[in-house]
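So the protein lines, in turn, are chains A and B. Terminal number for the first sequence in this note's numbering: 252, no gaps in between. Terminal number for the second sequence in this note's numbering: 270, no gaps in between.
It should be emphasised that the hints constitute simulated quantities derived from the structure, not laboratory data. Everything numeric in this text was worked out from a predicted model, so none of it was measured. For each residue, glycine too, the CB sits at the ideal point set by N, CA and C. Be aware that one or more of the hints could be misleading.
Partner residues are not named here, just some residues of chain B that face chain A (Cβ under 7 Å, in silico) [as the list claims (entries may be wrong)]:
hint : residue
1    : R205
2    : D208
3    : L215
4    : G221
Okay, here's what each chain looks like letter by letter:
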Amino acid sequence: MSHHIVEAQDLHYTYPDGTRGLSGVSFRISHGESVALVGENGAGKSTLLLHLNGYLAATRGTVRIGDYPLTSKNLHAVRRAVGMVFQNSDDQLFMPTVFDDVAFGPLNLGLSEVEVELRVAQSLETVGAGHLRKRPPYKLSQGEKRSVAIATVLAMSPDILVMDEPTASLDPMSRSRLIELLKTFRHTKIIATHDLDMAADLCERTIVLHQGKVTADGPTIELFRDEGLLHRSSLEKPLRMQKCPVCSSRAD
Amino acid sequence: MNNIGRNSFDIGYMDTLAGGDSYLHRLDPRAKLITAFLFIVAVVSFGRYAVFALIPFLVYPAVMISLGGLPYGYLLKKVLVVSPFAIVIGIFNPLMDREIVMQIGGIGISGGWISFASILLRFVLTVSAALIVIALTGFNTVCLALTKLGVPRPFVVQLMFFYRYLFVLTDEAERMVRARSLRTFDAGAMRFKTFVPLIGHLLLRTLDRAERIYLAMRCRGFDGRIPMIRSLRIHFREVAFVTGWAVLFTVLRCYNIPLLLGSLVTEAFR
Ligand SMILES: Nc1ncnc2c1ncn2[C@@H]1O[C@H](COP(=O)(O)OP(=O)(O)OP(=O)(O)O)[C@@H](O)[C@H]1O
Ligand SMILES: [Mg+2]
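With the hints as extra help, turn the sequences into a complete structure.
Written out as structure tokens, the structure is:
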């Protein structure tokens, strides 16, 4: 199934105020791959992800989703295929109750009432937010909002899952639940994150972004061993790959 | 102390109220909408000096609020929040229209004051009627009912976005005010100099966010249609509801009840 391919060719983007967002990003992600996108604050991760569903249009270069370049004509289809979890959950939730919010997508897909109910229940259950269904989304805690935002995207059963810092503000339990959940998700995943442990857990491949450019692209474990690269990109080794200070001092 | 972090303008609570399950909540939204519309038409159609004839119309909000189990105080506050509009509209009447038309206890009341009172009363009646429909139905369902009643969809979608935008606006405003007041220590009123850039900034922020929310809606297949699970159906009870109120409004519109009662009483004491 070639339509789960995501490809960027020499993407350049400058924000209207002149800030450089991306300066020449290229990669090709094939079907079923799970890719982490890492880099320091302001590296351009969010900017890059916003190109993948056509919210931002590159100043130069093209994005391909499936076999076709993203244009305004196939925007609609692309947005259905690409499920995106925003960095800020407040931008994602807009209905009066959690239930309505999660149901919004499936209803737009034209599913029957029974099916919609089922999908909503399932997606809320998978993120452990079943008990929130009657609450107004804007009154939830950040982590609860995050879980609901993820449920709204899961309910659409997208072909490609794009997430901008999905584990930020989740408690440890919700975080590991999300990671387990994402492991079961067989489609293409692109995850921008500062949570390198999650990246190591979930993504066999990592793309490192630095000042709007790709500085490394390869197997996660290898990249994370390269201390020089990590340092240059303002990153640190994931905790599990560091020597444990407590245990090692005890061993002394 | 200004209540940092307490949202005094919690419009979202209307939607929470709409989650109730009274007889009025279960009624088809179209029936409620039509009734509110008839009510507003009846109230607005009175002459500019009507005051006492309007008072019996208070029965409609009163009945709807108590049957629907809505909180009086909350709705009253919402009406007060928007009332400056009515005061601005009506305040010139007493200045322009100084002709004495009535004497109460030897004090002459000018036509201007009476029409001012009339405007305020009408305002309270119509705004509360609108708020009650929303609180019993939920804004999105009201919008759905509007499309079902033949209101053009672009108009309804505009309305929906406006409502959503209000949320974003109050939310962003609240954050900015909170951020500001946590860093200004005199806690006094905001100076004009800081206030003006704050407003401009607020608009930019809300526009940005509104755009991102719109994107989120598009990503989930939004195409101008409002998806809704609740199926709409007109039963006997809807017809009865609308007819009952329509008859009452007609009676109240054609007969000045307080006047009739008054003359009945004087008649009896003669
Ligand atoms: N709306 C905007 N207008 C102008 N410049 C922007 C805008 N959004 C982001 N930028 C700039 O673009 C660059 C990339 O920002 P981006 O949000 O993509 O970073 P990021 O990698 O997602 O960072 P973080 O890890 O903090 O989320 C930054 O220098 C930022 O200042
Ligand atoms: Mg970001």
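Honestly, which of those hints from before does the structure not fit? 1, 2
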